[in-house]
Structure formats: structure tokens, C-alpha cells
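Novice: Taken in sequence, the protein lines are chains A and B. 202 is the number that the working numbering gives to position 202 of the first sequence; each next residue is one higher, with no gaps. 147 is the number that the working numbering gives to position 147 of the second sequence; each next residue is one higher, with no gaps.
These are calculated hints, taken from the structure and not from any lab test. It cannot be assumed that every hint is accurate.
Think about it this way: if two alpha-carbon atoms lie no more than 20 Å apart in a straight line, the pair counts; the simulated PhoX-like pairs of lysine-lysine are [claimed, not checked]:
| no. | chain 1 | residue 1 | chain 2 | residue 2 |
| --- | --- | --- | --- | --- |
| 1 | B | 80 | A | 356 |
| 2 | A | 280 | A | 303 |
| 3 | A | 6 | A | 48 |
| 4 | B | 25 | A | 388 |
| 5 | A | 231 | A | 303 |
| 6 | B | 80 | B | 69 |
If you only want the chain A side, here are some residues facing chain B, beta carbon under 10 Å, derived [claimed, not checked]:
| no. | residue |
| --- | --- |
| 7 | 204 |
| 8 | 363 |
| 9 | 367 |
| 10 | 373 |
| 11 | 407 |
| 12 | 409 |
| 13 | 417 |
Note that the structure is a prediction, hence the values are computed from the model and not measured. Just so you know, even glycine gets a beta-carbon here, dropped at the ideal spot from N, CA and C.
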Amino acid sequence: MTLRMKLVAACGIALLILGGVSVLSYRSTVRADEDARWVAHTRIVLEKLNALTVDIISQETEQRGYVFTGEGSHLTSYNQGLNRLRSDLDDLRNLTADNPRQQQTIKRLEPLISKTVSGLREELAAHGPNAAQSAPTAGHAEAQDQAMQEIRSVISAMTAEEDGLLSERTDAAQASSRRMKIVIILGNMLAVLFFATAALAIYQEMGKRSMAEESLRQSEERFRLMTARVKEYAIFMLDPDGHVISWNEGASRIKGYAAEEIIGQHFSRFYPAEDIAKGKPDYELEIAAARGQFEDEGWRVRKDGSRFWANVVITALRDERGRLRGFAKVSRDMTERRRADEEIEHQNAQLKAANKELDAFSYSVAHDLRAPLRAIDGFSQAVLEDYKDHIPEEGRLCLERVRAGAVRMAQLIDDLLNLARISRTEIVRSNIDLSRLAEEVTSQLQASGDGRQVHVSISPGIVATGDRSLLRIVLENLLGNAWKFTSKQPVAEIRFGVQDESGERVLFVRDNGHGFDMRYADKLFGVFQRLHRDSEFPGTGVGLATVQRIIHRHGGRIWAEGTVGEGATFYFVL
Amino acid sequence: MTKEAVILLVEDNVDDEMLTVRALKHNRIHNEIIIARDGVEALDFLFAQGAFTGRDMSVLPQVVLLDLKLPKVDGLEVLKRIRADERTRLLPVVILTSSNEERDRVDSYGLGANSYVRKPVDFGEFSEAVRQLGLYWLLLNQPAPVGRS
Chain A
1 MTLRMKLVAA CGIALLILGG VSVLSYRSTV RADEDARWVA HTRIVLEKLN
51 ALTVDIISQE TEQRGYVFTG EGSHLTSYNQ GLNRLRSDLD DLRNLTADNP
101 RQQQTIKRLE PLISKTVSGL REELAAHGPN AAQSAPTAGH AEAQDQAMQE
151 IRSVISAMTA EEDGLLSERT DAAQASSRRM KIVIILGNML AVLFFATAAL
201 AIYQEMGKRS MAEESLRQSE ERFRLMTARV KEYAIFMLDP DGHVISWNEG
251 ASRIKGYAAE EIIGQHFSRF YPAEDIAKGK PDYELEIAAA RGQFEDEGWR
301 VRKDGSRFWA NVVITALRDE RGRLRGFAKV SRDMTERRRA DEEIEHQNAQ
351 LKAANKELDA FSYSVAHDLR APLRAIDGFS QAVLEDYKDH IPEEGRLCLE
401 RVRAGAVRMA QLIDDLLNLA RISRTEIVRS NIDLSRLAEE VTSQLQASGD
451 GRQVHVSISP GIVATGDRSL LRIVLENLLG NAWKFTSKQP VAEIRFGVQD
501 ESGERVLFVR DNGHGFDMRY ADKLFGVFQR LHRDSEFPGT GVGLATVQRI
551 IHRHGGRIWA EGTVGEGATF YFVL
Chain B
1 MTKEAVILLV EDNVDDEMLT VRALKHNRIH NEIIIARDGV EALDFLFAQG
51 AFTGRDMSVL PQVVLLDLKL PKVDGLEVLK RIRADERTRL LPVVILTSSN
101 EERDRVDSYG LGANSYVRKP VDFGEFSEAV RQLGLYWLLL NQPAPVGRS
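Let's have the full structure, built from the sequences with the hints guiding it.
Specialist: Written as C-alpha cells, this is what we have:
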């Protein structure tokens, strides 16, 4: 149950109690009024009864006075008294209409009074001045007294009845008044209790809120301290409409505004005019509000009007109820990086152009450098054929050397072009069975027709990942070299295998050929570097350079060990 | 018929032209050799236009020996036009070039070259290549085939 609901419930209950007490006290007041009325009513009835008694006695007195004095005034009073008696009785009857017992009693009273009155009238008729002068008879007087006696007793019974009613009604009124007092006191106490509870709850909640506010203030302070000194990033906050409400050092550094001159300003001033015209600032806030975050890279404007390339992240800030409270904006000055990127792009373009040029150059070399060589060779041959009778033996040998030079140069060009091509072609990797590839290369060498018997042993199942055609060139060169450099051995042996060197799989091609001096091992892989005279072992000096380049392009290494006269081993890792 | 079988040699390099002719003669191939020094000349001859206007179009060379690197219109473009025209669509074209670039080979075959031969620098090899080409493309039309060697 939320605090709000609790408060509503407590106050509601208190108000209900107060309402109930009010209703009860109203009703109690109404009842008290009634009780008072009844008490008054009873008093009136009592007075009437009293008056009736007095009137009867007075009738008797007037009648006696007239009988004894014969004065007319007594008669007049007597007659008036008769009327009063009747009206007294009527009044009583009306007054006690609510009380059937009193009505019964009145019914008994009526004949008694009538009897008394008629007795008095008889006596008057017998002894009145207009009648015979005689004393009232003793018997008659006795009867009269008895009747009066009865009347008095009936009236006193009625009086007693009314007295009882009076005390009863007074008691009831007092009791209800007492109850009412208790109800009012208890009700008010309860209401006060509930109100007090509600007040306490409010007080506690206020305490909690102020604590929460304090912790929020502290957290904001920590955030401010954390961001204030950040210089690489502009970190600032916007209100929901986009006005700056906080500003860190990075923002001052990057955008050029001091905190006091920018706080309260709209953030659109950081955008170039054309972006403002397009509504970009508001659009970015909309997106951030809708998606939670917006990221952008683009030009922004410093205070001095200069532009910088910014990476911007706008994050919408919402409270726990999801209401938008503002935005956090983090910007980074990417101008330098963008410049660097552009520089790289530019260099890439240049490199591409250079590569293209190199391509064209290689093509041209392949085409155009070979044509003159063909001419040199072809026409030397033509001279040898057409004028063979005119050329002395020495001249013939010279022309043969010219031809050999041309062919060798063609070979050099081809090797160089291959080397260049290897650097340019893309590596297409797949799983290659190198053992099988080595066997293919070996059969080619055997078919090359020098008729030599070379013992080649190839370890089976050597598999590697790499570019098939390039790895073939590697094996062609290494096995070809081994073949070539064992040409002077009586028993030529070549071995292609694999060995484990501290967890690394090292492939090798070993021969028992001419070998090389380890002092010159570093020259083995250089372009055009040769450790042997061409007359001993022909070659262009490009083969191992090509091999090394292929291995390097596969991310591997290659090295060699050798001893003059005992052979050489080329190791490589792919 | 045989005497009319001509060879169209499209070659801009005079040295290569002389060597090719020499190799043909050397191998006793005595068919008439038409020389075109660039792509335009080759196309003019084939389609009897330009300098060759009025030439009998029904006489087509037995084979075209086509260099790739040519002035004005290069060899690949010439090949493309030969293949695009109904009259020359089936004409045998042999690319005879210095280049052994993969790209050139792929492009040539892609455009419908019948053969691709790289000119060897060694004249002996060159001569042998020309001999084989001559035998294959020229004698294939002979009623009594000599066969390939």
C-alpha cells in the first residue's frame, strides 16, 4: 500500500468517525429536545390536575356560601365554576391523549365530578334562597364528602402517575445525555488518533524525502566532480527543451564557451547554420527522447565560429516514472582523427594508384623488354644460319653467347615479374596436401629429362592451410634447388618432411648436395644474390627471394642451415 | 583453294614480324602473309574497309595471328569485333604475344580466342611454335590432312 493510499485511508476513517459522532449528537440533541418537551408536558398535566382539585373545592365553597348567605355573587361564581370544571376536564383529556391509563382514570373521574356537581345542585335547589329555608341534611353532606374524597384520591393517583412519568423521562434524558458525552469523547479521541497517525506518516515520509533529496544532491555533486575535470570529452546536460544546464572543462576546451556564458543558452548554437536550418538539433533530441539515445558524427561550431568534427552521443534522462528530465550530451573532438582518416584514405588512394602504375609497368616490362631480346636472339640465329659459311668458329661462339645472354635476360625478367606478381596477388587459403604437391613437383623434375636418379623421400600427410598455386611455387623452388645442387653427387638424396620444434610444426626440404657456407646464409634470400657461380649451378637468384616472399605473405618464417659439401636444409613454418 | 589460304599477321613490331615470317618460311609454309601493323589496319582488311575498300570480302584469312599490344585498337578489341561480326565470327584467331599475364589469357579466351601462344625469346623455340601453329591451322583445311605434330 502506497503512502498516499495509507494517508487517504487514515484521514478517511477519522472523517467517518467525526461524521458519525456528528450524526449521533444531532440525533441526541433532537431526543433531548423531545425529552424536555415531555417533561414540560408532564408538568402541565400536573398543574391541570392541581387546578381541577382547586376548582372542585372552590365549587363546593361557592355552593355552600350561596346556601348559607343566599348572596347572588356565590351563585354566579358557582355557575362560572361549572364551566371551568368542564373545560379543565376537557383539557386533561386532551393533554393525556397519549397515555391510555390516564384516559381510563379520567373516565372514572368524570362520573365522580358529575355526581358531586349534581349533588351540589340538588342541595342548592333545596336550600337556596329561592327554595325552602332549611339546613342541609346530614346524610346528604356525608355523601358529598365521600364523593370529594374519591375525586381527590383519583386525582392524586393521576398526579402520582404523572410524577412517575416525570422522573422516568428526566432519567432517560439524563442517561442519553451521558451516553452521548461518552460517544463524543471516544469518537473525537479516535479521530485525533487517526489524524495523528497520518501526521506521523507524513512527517516520516518528509524525512525520507529529504534524505533522498540529499542523496540525490550528493550523487549529482559526485557526477559533477567526476565530469568537471574531464578534458577529452565535452560532457554537459540539457533540460528537456535543449537549454544547457551543466558544463564541464572538456566542453569549455572543445567548444570554447565558459560555463557561466553558456548555461541557460540553447544547445543549437553548437550546430552549423545549415544544420540549424534543417532542424537538426531538435531532430536529434526527438530521436534521443524516442529511442533513449542518439549518436551522430558531424561538424559542430566552436564559440569562435571555427568548425570541428564531433562524435556526439545524446542520452535521454528519465526519472523513475519515465518522465523526461533532460539530456546528457557527450561530445568528442574527432577532427584530428578525421584528418588522420582522410590522410589514410588519401594515402590508400595514392597506394592504389601506385599499384596500378606498377601493374602497368610490369605489363609493359613483360611485353616490351622481351621483344628486343627476341630480336637479339632471333637475328643472331639468322646470321648463324644465313652466313654460316662466312663466320669463323670464334664468331659463331660469340653469337651463341649473345643468344644465351638474351635468353638468360628473358628468364630474369620472367622471374622478376613472378616475384612482383606474388606480392600483388591475393592469397586464397584452403587446406593443401603438401605431400601430394611435393610428389607432383618431383615427378615434373624427374620428367625434365636430365636422366638423373635422385632418391626423393616425402613424408606422407603433410597438410597446411595456404594458397595452392603459391605453395606450389615454394615447393618447385625448394625441391628444384635441391635437385640442382645435388647434381654433382654420386647418390643424390632429397627429403621433404616435418618435425616438431618446441611445439611448432616445422616443414623442411633437405638435400645432400653442394650445401653452402653458413657465413653467407643471410644472402640466400636476397634478390639476385647467389652463392654459386652460374657455371657451377645456373640460376637467376630470384627463386629463394620468391619463396621467402610467399612464406612471409602466409605469415610464416623461413631459414636455412647448410655445410659446404654436405648439403642444405631449408626450414619453414606457415 | 590452298594457294588462296592467307595468313593475317597483326604485329606492330617489325623485328617480330620479320622473325615470324622467317620462322614460317623456315618451316616451308609459303602461304601469302598479310601484315597489319595495328588494330585498325587489321579490321580494315577483314571488313574490306578503309585502305582495303573494295577487297573481296569472301576471301578470309585461314588464320589470324594476333598480338595483344597494338597501337590504336588493341588486340583484345580486334578480337571482340571479329567475334561480334557474323562474317568473321568463326574465323580462327591465335593470340601470339609476349605477355604471359593470367589476366590476358583469361580475357583472350573469354573473348573467344582459339589459341594463346606466348612468343619465346629463344628463336629455336619460337620457330618451333610457329611451325606447329602453321601446321595446325593451315593444313587442317587441306583435303589430305598431314595431321598434327
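Novice: All hints, please: hold or fail.
Specialist: Verification of the hints:
Proximity of residue 80/B to residue 356/A is assessed by CA-CA distance (about 24 Å); at most 20 Å being required, the pair is judged violated. Proximity of residue 280/A to residue 303/A is assessed by CA-CA distance (about 19 Å); at most 20 Å being required, the pair is judged to hold. Simply put, residue 6/A and residue 48/A have alpha-carbon atoms about 63 Å apart, too far for the 20 Å limit, and the pair is violated. As the CA atoms of residue 25/B and residue 388/A are separated by approximately 18 Å, the hinted pair is consistent with the 20 Å bound.
The hinted pair formed by residue 231/A and residue 303/A meets the criterion: a straight-line CA distance of about 17 Å does not exceed 20 Å. Taken as a hint, the residue 80/B and residue 69/B pair is honoured in the structure, with Cα atoms around 14 Å apart against an allowance of 20 Å. For the restraint placing residue 204/A at the interface with chain B, the shortest Cβ-Cβ distance is roughly 86 Å, beyond the 10 Å limit, so the hint is violated. Residue-level restraint check for residue 363/A holds (minimum Cβ-Cβ distance to chain B is 6 Å; threshold 10 Å).
The interface hint given for residue 367/A holds, since its Cβ lies 5 Å from the closest Cβ of chain B, which is under the 10 Å cut-off. Satisfaction of the interface hint for residue 373/A is found here, the shortest Cβ-Cβ separation to chain B being roughly 5 Å, below the 10 Å cut-off. The interface hint given for residue 407/A is met, as the beta carbon of that residue sits about 5 Å from the closest beta carbon of chain B, less than 10 Å. The interface hint given for residue 409/A holds, since its Cβ lies 8 Å from the closest Cβ of chain B, which is under the 10 Å cut-off.
Nearest Cβ of chain B to the Cβ of residue 417/A: about 8 Å, under the 10 Å cut. The hint holds.
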